[in-house]
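Enquirer: Sequence:
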Amino acid sequence: MTHTTEDALKAIIYDLEQRLEIALLSANQVWWEWDIPTGILKTHAVKDCILGYNLGKIRHHLDFWMDALPPEEREPVWESLQAHLRGETEMWVMEHQYRDPHGEYKWVLEAGRLISHNEDGSPLRMVGITQNIHEKKLQEQELKQANEQLAEALKFKDVVLATASHDVLNALTSAWTMTQLLKDRSEHQTEEFELIESSIAQSRKLISNIYEFSQSNLLELKSNEVDITAIIRDSQEFHAPLAKNKQLDLNVSTLARNHAFTDALALRRILDNLLGNAIKFTDSGYVAISDISNEQELIIEVKDSGCGIPEEQAHLLFAPFKKLHSSSEGSGLGMSICRDLANKLSGQISYAPNTPQGTIFKLTLPRTQPEKGQSSPLTQKASSPKTLQEVRQSDL
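Residue 133 in the numbering used here sits at position 149 of the sequence shown, with consecutive numbering throughout.
Just so you know, these hints were derived from the structure itself, not from any lab.
Beta carbons are placed, not taken as given, at the ideal position from N, Cα and C, and that holds for glycine.
Take every hint as true, because none was put in to throw you off.
Pairs of lysine to aspartate or glutamate, DMTMM-like flavour, derived with a Cα cap of 25 Å:
hint	residue 1	residue 2
1	K90	E79
2	K121	E57
3	K206	E281
Restraint ranges, calculated between C-beta atoms of paired labels, are given here:
hint	residue 1	residue 2	range
4	L134	R83	32 to 40 Å
5	Q66	A137	44 to 52 Å
6	T73	S237	52 to 60 Å
7	P55	L122	15 to 23 Å
8	E281	L226	24 to 32 Å
9	T(-12)	M50	43 to 51 Å
10	Q123	A95	16 to 24 Å
11	L179	A298	33 to 41 Å
12	G87	T(-12)	48 to 56 Å
13	G36	Q123	18 to 26 Å
14	L122	N154	45 to 53 Å
15	I276	L134	36 to 44 Å
All chains, full assembly: derive it from the sequences and hints.
Expert: Given below as structure tokens:
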């Protein structure tokens, strides 16, 4: 090799080293090589080590860095390293802490790989990088703390809203009772009393929906074997007078025998809301509820020939406090509550336009219980849980 060729190669190597050092410095990283039999571990960096150590004054040995680990992390780090040396992992990657020269622990991310073996097959040499991620870790911890504080604030909000709604419901119940007493004693002003009764009923419905919405995260749903056919027919019979008053056909189609594991009260709440909405927004024609379940899933469909939902507003259908028909009464919470209950039942509600007019809502739920050892929203409890039965009773 001529001097000219040798000088050219040295220049190329030097250029590559400079590029590597700039890249490592930009990423707040250093690279290291570990001679495993001797324990010598050399750290390479453009300037002092990223943790503040002077590389010319530290002991370049694995023991130095093991001693810099927090006592509780030494065994996990060592076991992780040994697992890689045994060939159990393709790469060694771990987040942990090192003590800096000032005695403070800083978070780092380390990644390395065994690159050679001795003739007897034992590990010989390993190389890797160390990256300072302390600021990132602090930000993650701050974000986690903020999320925990937000969760507590939301929980407190739910409690306050539920308590206030419950108190208002009690006051409205008392007002309605007094109105009944006054109406019975008065032979006049019947129309005025009926107007008061109607206003109180609307207010009770609004507050009841708000209360149930605030309680949706606190519910404890219970999975039991449920007679789906009976629940569908009960809901249909409950809404039959409303449909009759509007001269609507209320059709029901059920399977001869259909049982599934779910929460009966939550299912009834969803069906009542879907049927109630269908009847409310249908002025002529029909409303139909059908059980189209299969062996794997419980599927119930509610179809109507009503006014339908404008295509440009369909994305707001399940948003809380959004009313798609400005002239209608209500809080805009019913569909949001239904969606949340369906999610808690490990299912979903979908919407499609009916042809030529109206809507189709399809409720899909799992038919069987989760396998043993698997979690389900039906078995998960929130703090201060209530059953749907308790929430419904408190609305009375």
